[in-house]
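In order, the protein sequences belong to chains A and B.
In this text, residue positions in the first sequence follow the numbering used here: the first is 3, and each later residue adds one.
In this text, residue positions in the second sequence follow the numbering used here: the first is 63, and each later residue adds one.
Careful: at least some of the hints might be erroneous.
[Unchecked claim] Some chain B residues near chain A, calculated using beta-carbon distances under 7 Å: (1) D77; (2) A94; (3) E109.
[As the list claims (entries may be wrong)] If the Cβ cut is set under 7 Å, some of the chain A residues that face chain B in the computed set are: (4) A28; (5) I34; (6) N39; (7) K42; (8) I44; (9) K68; (10) R72; (11) T74.
[Said to hold, decoys possible] Listed below are the simulated DSSO-like cross-link pairs for lysine-lysine, each with C-alpha atoms no more than 27 Å apart in a straight line: (12) A:K42 to B:K119; (13) B:K188 to A:K50; (14) B:K84 to A:K42; (15) B:K141 to A:K53.
Hints listed in this document are in silico derivations from the structure and should not be mistaken for laboratory results.
In this text, a Cβ means the ideal position worked out from N, Cα and C, and glycines have one as well.
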Amino acid sequence: MSEEESFERWKEDWKERKEEFEADQAETLRRIRDRKNLEKRIERRVDKIMKEMAKAISEEVYSERKEKIRETA
Amino acid sequence: MNLLADTNIFGIAVDPKDKRRKSVWKTLGKVASEKMELNVAEITIEEIKENPHQPTKEKELKLLKLLITNTYSINPEIKNLSRRLETHTTLEPIDAQIVATAIINNQTFWSGDYYILREKTINQIKQILKQTNYTFKYKKE
């Protein structure tokens, strides 16, 4: 058997084993839920960071502008 | 009785190796004979669509299409309760969202998830609902 043939056979075997593995449906769906929970947590964390950054930037710009106005006056 | 099925119920129903399958089908039989109404949260359909095992996913979606009456989406009331459940219980964001969907829509939450329906979490949920007019009804597989 050539290397390519044995690889193809291995892939088929793996596909079958994978199907067997994913047959525990309650567990598979729990894993999907866990991933969604994680995505939600990351999404919220990113939102929080973006808001904090936006606030910090606007405060910086505001104080710079205030400084310029004071200088020109 | 109106049931809101958690995603795992459809997984258990199509899995021949799951010991809870017989019990789930008994309830689904009652749904089919219109003694009970079966509903789901929108997220359940999204989760089933993400099942990597194509033939099983198709079976689950077919079952869902045949038996469910309503699909509930998120509204501000559900969102609000979900946030409270997340803060004061051990529920994760999506679990809290599904439980809140069942509570707000006056449904019995039906799940085979030991993590969600453990005594500690059930008591925490009930504690939060004490300050409201809602009740938490559940059916455990």
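Evaluated hints:
| no. | hint | result |
| --- | --- | --- |
| 1 | D77 | holds, 4 Å |
| 2 | A94 | violated, 20 Å |
| 3 | E109 | holds, 5 Å |
| 4 | A28 | holds, 5 Å |
| 5 | I34 | holds, 5 Å |
| 6 | N39 | holds, 4 Å |
| 7 | K42 | holds, 4 Å |
| 8 | I44 | violated, 11 Å |
| 9 | K68 | violated, 37 Å |
| 10 | R72 | violated, 44 Å |
| 11 | T74 | violated, 47 Å |
| 12 | A:K42 to B:K119 | holds, 23 Å |
| 13 | B:K188 to A:K50 | violated, 30 Å |
| 14 | B:K84 to A:K42 | violated, 34 Å |
| 15 | B:K141 to A:K53 | holds, 21 Å |
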